[in-house]
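Participant: These are the residues of each chain, in order.
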Amino acid sequence: MLSTASIFDAFRAEIDDHNDRRERLIKASRDITNISKKTIFLLHRIALSPPRDGDAESPEVSASKKGRANLVQVRDMYAKLKDDIAGDRFWRYEGQVSPGLQEYIEALSFAHFLEHGTLITSEDVQRTLLGDDGQPASRLIFPLTVSDYLLGISDLTGELMRYAISSLSQRGGRTKAMSTLAFVRMCKGDFDGFTPQIRNLSKKQSVTTQSMKKIEDAVYAIVVRTSEYDLPPDLLDDLVAQITSG
Amino acid sequence: MLSTASIFDAFRAEIDDHNDRRERLIKASRDITNISKKTIFLLHRIALSPPRDGDAESPEVSASKKGRANLVQVRDMYAKLKDDIAGDRFWRYEGQVSPGLQEYIEALSFAHFLEHGTLITSEDVQRTLLGDDGQPASRLIFPLTVSDYLLGISDLTGELMRYAISSLSQRGGRTKAMSTLAFVRMCKGDFDGFTPQIRNLSKKQSVTTQSMKKIEDAVYAIVVRTSEYDLPPDLLDDLVAQITSG
Amino acid sequence: MDPADLELLNERLESESQLREKIKEQVLELDKKSRVMLGHLNKVHSIPSSEVPNLLASVRPVLESTHSIHQTVSQLVPAHQFWRWKDMWTNGLRSFVFVAAFVQFLTDGTLLSLADTTAQLGIKDEWKDRFALPVEDYLHGLITLVNELSRLAVNSVTLGNFEEPLKISAFVKDIFSGFTMLNLKNDLLRRRFDSLKYDVKKIEEIVYDVSLRKLAPKKAVSVNTSL
Amino acid sequence: MDPADLELLNERLESESQLREKIKEQVLELDKKSRVMLGHLNKVHSIPSSEVPNLLASVRPVLESTHSIHQTVSQLVPAHQFWRWKDMWTNGLRSFVFVAAFVQFLTDGTLLSLADTTAQLGIKDEWKDRFALPVEDYLHGLITLVNELSRLAVNSVTLGNFEEPLKISAFVKDIFSGFTMLNLKNDLLRRRFDSLKYDVKKIEEIVYDVSLRKLAPKKAVSVNTSL
Amino acid sequence: MDPADLELLNERLESESQLREKIKEQVLELDKKSRVMLGHLNKVHSIPSSEVPNLLASVRPVLESTHSIHQTVSQLVPAHQFWRWKDMWTNGLRSFVFVAAFVQFLTDGTLLSLADTTAQLGIKDEWKDRFALPVEDYLHGLITLVNELSRLAVNSVTLGNFEEPLKISAFVKDIFSGFTMLNLKNDLLRRRFDSLKYDVKKIEEIVYDVSLRKLAPKKAVSVNTSL
Amino acid sequence: MDPADLELLNERLESESQLREKIKEQVLELDKKSRVMLGHLNKVHSIPSSEVPNLLASVRPVLESTHSIHQTVSQLVPAHQFWRWKDMWTNGLRSFVFVAAFVQFLTDGTLLSLADTTAQLGIKDEWKDRFALPVEDYLHGLITLVNELSRLAVNSVTLGNFEEPLKISAFVKDIFSGFTMLNLKNDLLRRRFDSLKYDVKKIEEIVYDVSLRKLAPKKAVSVNTSL
Amino acid sequence: MDPADLELLNERLESESQLREKIKEQVLELDKKSRVMLGHLNKVHSIPSSEVPNLLASVRPVLESTHSIHQTVSQLVPAHQFWRWKDMWTNGLRSFVFVAAFVQFLTDGTLLSLADTTAQLGIKDEWKDRFALPVEDYLHGLITLVNELSRLAVNSVTLGNFEEPLKISAFVKDIFSGFTMLNLKNDLLRRRFDSLKYDVKKIEEIVYDVSLRKLAPKKAVSVNTSL
Amino acid sequence: MDPADLELLNERLESESQLREKIKEQVLELDKKSRVMLGHLNKVHSIPSSEVPNLLASVRPVLESTHSIHQTVSQLVPAHQFWRWKDMWTNGLRSFVFVAAFVQFLTDGTLLSLADTTAQLGIKDEWKDRFALPVEDYLHGLITLVNELSRLAVNSVTLGNFEEPLKISAFVKDIFSGFTMLNLKNDLLRRRFDSLKYDVKKIEEIVYDVSLRKLAPKKAVSVNTSL
Ligand SMILES: [Mn+2]
Ligand SMILES: [Mn+2]
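Protein chains in written order, with the working numbering: chain P, 1 to 246; chain C, 247 to 492; chain S, 493 to 719; chain A, 720 to 946; chain F, 947 to 1173; chain X, 1174 to 1400; chain B, 1401 to 1627; chain G, 1628 to 1854.
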């Protein structure tokens, strides 16, 4: 029969193992959050830069490409952590993994929006989290939960609000802002149905509502401004551009 | 003349540098906290183990030695971080460094108490934070602040309470508990004078007061128990030991 | 939102929500069994030791009847999702650990190991990514056991059984020293471990009272302490 | 507590506390100068542009008079302890950055660089571990400048100066695109940067109004936009 | 404890607990309907006014379908216990009030009275000790309506409808002055009423923008300003 | 807003507000009586048991004098609105339950049933939609009683009455096992029930102290332990 | 406790509690009057300027009727205890300051001084240790006035009165520059003063809108811009 | 703004701000003395009762030295403004009340009355509109005293003084029953009074321990229990 001491020695090893893994995942999650946040700034930066003549791609598309390239780092980090989050461990450490994962989804969905103007599907997000050979389900590093997907996407609306407001001072900004507004309204509407089932989503929905109202107010201001003149908005933009650029 | 873009590029580099350093220090602080916490458990474990015949040292002294040996890891970690916390950087990142540092001081002072029964001086703590050659001030990895010293020591009283209560079920536990009580009362009294100057100390002092009262209550219970018999306490202990050990 | 994706997400949430309801039903069953066993075992504080075997005989079948609930739950939980759902039954499971370990102690004075507890609760190793007994819950059950034993030490003296506290004392000290081996975070387990110290102290006081009044028969003591 | 240590700690705290009082005195001076300059500059919203040079002439000596306070503070702060004490004067320093940059803009329409701001505030590089102008505070000062310029764009139109908004627009867009280069945390600076977008938008609206009403003389515009 | 008494106590607790579950089910239904209607009505911010009648046509049947839920709840609640259980459905009921009042405003620009709201929600006077619409909840619904109308004023301008803000302004000012005559306690309702001031101010600013630029037909403006 | 409707709303709000004031007055009376009785009963901890009957004689009339307050409240509360207003007097009512049950225990050692408590407080069944004693409040009163009895067990030993703790122990264990059979929700009542364990344990320790020192008459102990 | 001492303590506590009730009654009166006057003045946003004198005529008697409440309160408050009780009526008093200053502005466009406000509210200097108007409350009233004037500037343009914003702009800028000279602590007053900047900015934008469109008579604009 | 009026406002604000600084200085002194005395009195828990008189002798002069601070404050505070400034020193004053009452109890076991406390703190009746000891603060000091005495009861037993708890018990019960007769509002004082029950219970348990084991001289016990 084992002594109590040796039995508890085994427990200690198991508890230490768990705590160490938890720490590793917390640190990795911070790193993933940082890479994702930097990517989001990068996306804003490139997408807002004036299109240069001769560029084959729009600033949005080239932002999206560079952003996605950046985010491959995150995938690699998850691949390296695979042992710590595989199988039933994912759910054990979900609380440690989620913050970084949601920030990653925010960045990824922003890149997707810039290129396609649509919402990235959960399947597409899951596809970025496959093992090296990019093969189906059996190669999942971990399964994407509905909750992480929706909460990550929820944060996207805040970035879109910033993007829309910043665009307004640019040529063609009104069109961009209107389509972004439509997108954010769609997010708000579609996500409302999920609020009872997803914890914390309703808090994020009220941030989304705020963002939506901010875009609405900004678009309103532009409409009011142009309504005073009897010319189509695009023509007005051109006129102003002519005058201010001498 | 530099373009705004290139000027802000430099700013970006500086801000990124700062954020990265901050992250490094937060992670290191978590590691230091973990090592210190584990050391505290180690100290309790060895100090409470029954003394074995033939051991030259008391359990307390051997706990202290092993604990201190463990804590050398922390010193090495600080030495490695030296560039990130040297000079005026220490104060810039104090908020990130303090949590780990205070936990380290808690562990170190516990080890010191077990060996010497006294409070480690701030100078002794500072001495453990010297560069490789162990030379004076010029070799400091960073200067120990009064606040970190006092707040770290403040947490010690909680561990001493646990130590005293656990000891009570052992032979000679009453004496240990009484001397620990005297020590905790001294801490409480001496630290009261510092509360106006040290932020958060008064919150910790109320935890210390709780710990002190817990030891007082436990010692009271023993005194009441032995008062019923007309024999000196030590003799009573011996009698009980004789009976229960068959 | 992509309509196909919207439907997919809704389906997943719907099935999770149904699963939750199904597990909840089992957990209510589980809690009922736990209340029944705790109700029975509470009597141990007021009956003479001679009646304890009968009491245990009434508890054991209930304990065994939990196996089928565990099995049902293990079939409900999808592969790898043990940690997702376990909060739902953690309280019940911890009290089963306590019951099993208490029954064992009252039967032969020994400590039920983690492996034996798992076996007694009918938890199969092959379910491990769907239903298992984690170390943490086992430890919680042991702490509840020590809490209860400090109460039993008091009441057994009241009932005139002066050997029991000595037996309890040796048993509890052994568990306590096991706990000192662990590196705990500042969590519930650590706080409950801190409270354990008071139980050990209380039991010591009873041993002290009993010993000094020379009420403990020499032999009983020596038999016990050899455990 | 070791009596020697107790005395040592007390001495250190005492001297820190005295130092705090001394710095506080300087900070009060600093805040007073800041209030005076802000009071003066507030008039820029209601005077014709011809009177601006006189206004600036009254602000510049006050700005220079801050040098000696900065010097005093730099001598009070112990080596390496810049970051320990800087919270005390951060607000004042940020408003000095704003004042210096506003004066520069009003003088020649250019952006005052970090290096030039440091120079204009009389902050010496050799004090760097005791008193310096961090990037963050410089950036805060610039954001305050943009806030103020959106107000100035409005009021200059009211005063019949239709060139000013165009000048301001080009200047502010340049600063704004600088800010987009930065990776900010979710802190005050990011929130203030978010608010900057609204200033840029407001100024755009004024440019729009003015342009479409063809109030801006062709030449003024072309001179300005070449900056 | 007397077994009969104990059984009585347990029966009462048990039946309350079952009742709670049954009401909860209905409340989930109620919340679902509320979400559906809010989802529909949310489109009013992005469609031309010509499509509004169709939108309302899709909402009305859902609103009517709540009658049967209200009836079910009124049958579940034991006599006299309206105030015991009402917290469970208060949120849902308030949003129904909002929906009904919003539909009415969009239909003919009038304010739905308390009596008409009760009728539209199919709440029968004979249920009054089991299910009713308290004044407080009616008022909460109206405040939500005003919050929504300030958003609608913004978006209708964006959609090129410059008369809508004038209509909204008159309607909201009427509600606002009604509220100022009510003797509200210092509670949530009072705090939400205080927030109405911001909505009124925002709507006034929109009317200002429209009037200043002479965007709305003359007549609409004068009608409004005569209030 | 329609003036008639507005007036209606205001009348309702106004009359509710006046009703609240009137009930408040009665509640102040109720609290005063509660303070008086608690003050009297507090003396039970320091008087010999022979003086208890006199003490109870001074409490009973006060208890009876609450009938008229209950009647007044029952007349103030509008039909069906019991659950709307009851929070206002819940605290007072719970302490009356405690007083009635304590008096009963001190008189003959029995437990006052829910029906008897209702009768003793002069609460009429015919008021049930305006004023009643809900199960929950009765149970809260019993828990307060157990809290107080653990204190009485301590003090009766101090006063040399060694039988009282045995009597209390039997009584409290009976209540405790009654509570374990109730299906309590996760609310305040459940939390307070959890705290009962500490009182039971404390009382068991007192019985232990008394038994160990053979202070109680043999018979009393054996009666107790047979429970 | 010494019975005489106990009685003394209780008397003091009791009389304070009664005094509080009596003052509360007056404060309710005071709040009612405040609501009435705010209700009246709210109409200023929707009536032509020609009707303003009549509106003011309806407010003035209410304002005068507050004198007697102030007198009553001043008689209730014990000598020297002004600062003990003033929190109870601070909100009401501040809104009276606002009303008086608003009426004055609407009458002749001037700012009501502290002394004149005190006189208009019928507060006697001889009550100073029982009832007075502190500087702080006067300043709070002025800030509320500025908040309201930014709303009035918006609405007067809507009503076609383009001179009003210019008048308001000059008046508000004067108050604003007065506040900048005050040495305010870091409290609520300071925070509300910071918010004044937004009102000033808003008013400037209205003046901009009016100027840009050349809606105001030339003279009015130049008067304004010379400030 | 009228320059004279502005100057007046600023002067008043300025002088209040200076007064605050001056009072703050005195309060720091006051807190220092409070810390010194609490530090001394804390030793009472670890010294034999024979040394208590010496300890008290060291505290009394410090207590007397507070008179001059009180006098200084009473001269700083303007006539009638006691209630305006008292929050600044309330904490210090309450701990002085505690110190005075604790010294008195340790000296002769009696309770210091409100009048005697006022006298011992050197507070003159003629300052009453500038500096006084309100009932509330006296009562707070007494509650702190009871908190401390429950700790002293524990520690005096540890030091072998078994009579002290009996003395403390009688004293504390007297204060407790005094408090139950006071009409306290639902504020901090009421909440702290509720916490007194725990102290009373703890002291009762100590008296129980001592009585059960017959550790105190017979007479002491009977004196106590007759209360
Ligand atoms: Mn984001
Ligand atoms: Mn610790």
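Quick caveat, the hints were computed from the structure, so don't treat them as lab data. Hints are supplied without guarantee of correctness; some may be wrong.
Derived DSS-like pairs: lysine-lysine, alpha-carbon spacing no greater than 30 Å straight-line [said to hold, decoys possible]:
#1 P/K80 / A/K904
#2 S/K535 / C/K459
#3 S/K677 / X/K1370
#4 G/K1670 / G/K1659
#5 S/K677 / S/K706
#6 X/K1374 / G/K1751
#7 F/K1074 / P/K188
#8 S/K516 / F/K1032
#9 S/K516 / S/K616
#10 P/K27 / C/K326
#11 X/K1358 / X/K1346
#12 X/K1374 / S/K694
#13 G/K1713 / C/K449
#14 X/K1206 / G/K1828
#15 C/K328 / P/K27
#16 G/K1659 / G/K1713
#17 G/K1670 / X/K1216
#18 G/K1651 / G/K1751
#19 S/K535 / X/K1387
#20 S/K524 / S/K514
#21 G/K1751 / B/K1486
#22 X/K1297 / F/K1074
#23 S/K694 / C/K422
#24 B/K1573 / B/K1424
#25 C/K326 / C/K283
#26 A/K805 / A/K751
#27 B/K1614 / B/K1585
#28 S/K525 / S/K535
Only some residues are given here: those of chain P computed to face chain S with a beta carbon under 10 Å [unchecked claim]:
#29 A5
#30 I7
#31 I15
#32 H18
#33 R22
#34 R24
#35 E94
#36 T121
#37 E123
The beta-carbon is built from N, C-alpha and C at its ideal position, and this holds for glycine as well.
Participant: Each of the hints needs a verdict: does it hold here or not?
Facilitator: Hint check results:
1. P/K80 / A/K904: Holds - the C-alpha atoms of A/K904 and P/K80 are around 26 Å apart, at most 30 Å.
2. S/K535 / C/K459: With a Cα-Cα distance of about 35 Å, the restraint between S/K535 and C/K459 is violated, given a limit of 30 Å.
3. S/K677 / X/K1370: At roughly 28 Å apart (the allowed maximum being 30 Å), X/K1370 and S/K677 satisfy the hint.
4. G/K1670 / G/K1659: holds, 18 Å
5. S/K677 / S/K706: violated, 42 Å
6. X/K1374 / G/K1751: violated, 53 Å
7. F/K1074 / P/K188: Status violated; Cα separation ~37 Å.
8. S/K516 / F/K1032: holds, 26 Å
9. S/K516 / S/K616: Between S/K516 and S/K616 the Cα gap is close to 21 Å, so the pair holds against 30 Å.
10. P/K27 / C/K326: holds, 19 Å
11. X/K1358 / X/K1346: Cα-Cα ~21 Å, so holds.
12. X/K1374 / S/K694: Measuring from Cα to Cα gives roughly 12 Å; hence the hint holds.
13. G/K1713 / C/K449: Holds: G/K1713 and C/K449 sit about 25 Å apart, inside 30 Å.
14. X/K1206 / G/K1828: Roughly 24 Å between the alpha carbons, so the hint for X/K1206 and G/K1828 holds.
15. C/K328 / P/K27: With Cα atoms ~21 Å apart, C/K328 and P/K27 stay inside 30 Å; holds.
16. G/K1659 / G/K1713: holds, 18 Å
17. G/K1670 / X/K1216: Given that 30 Å is the threshold and the Cα spacing comes to 34 Å, the pair is violated.
18. G/K1651 / G/K1751: Satisfied, since the Cα-Cα distance of roughly 21 Å is no more than 30 Å.
19. S/K535 / X/K1387: Since the Cα atoms of S/K535 and X/K1387 sit roughly 23 Å apart, the hinted pair holds (cutoff 30 Å).
20. S/K524 / S/K514: Status holds; Cα separation ~16 Å.
21. G/K1751 / B/K1486: holds, 25 Å
22. X/K1297 / F/K1074: Holds - the C-alpha atoms of F/K1074 and X/K1297 are around 23 Å apart, at most 30 Å.
23. S/K694 / C/K422: Satisfied, since the Cα-Cα distance of roughly 18 Å is no more than 30 Å.
24. B/K1573 / B/K1424: Violated, at roughly 38 Å.
25. C/K326 / C/K283: Status holds; Cα separation ~21 Å.
26. A/K805 / A/K751: Holds. A/K805 to A/K751 sits at ~18 Å (cutoff 30 Å).
27. B/K1614 / B/K1585: violated, 42 Å
28. S/K525 / S/K535: holds, 16 Å
29. A5: holds, 7 Å
30. I7: Holds. Min distance 7 Å.
31. I15: OK, holds: P/I15 within 10 Å of chain S, min 6 Å.
32. H18: holds, 9 Å
33. R22: holds, 9 Å
34. R24: Violated, about 15 Å.
35. E94: Constraint on P/E94 satisfied, holds at 7 Å.
36. T121: holds, 4 Å
37. E123: The hint holds - P/E123 has a Cβ within 10 Å of chain S, the shortest such distance being about 7 Å.
In summary, the structure is inconsistent with hints 2, 5, 6, 7, 17, 24, 27, 34 from the numbered list given earlier, while agreeing with the others.
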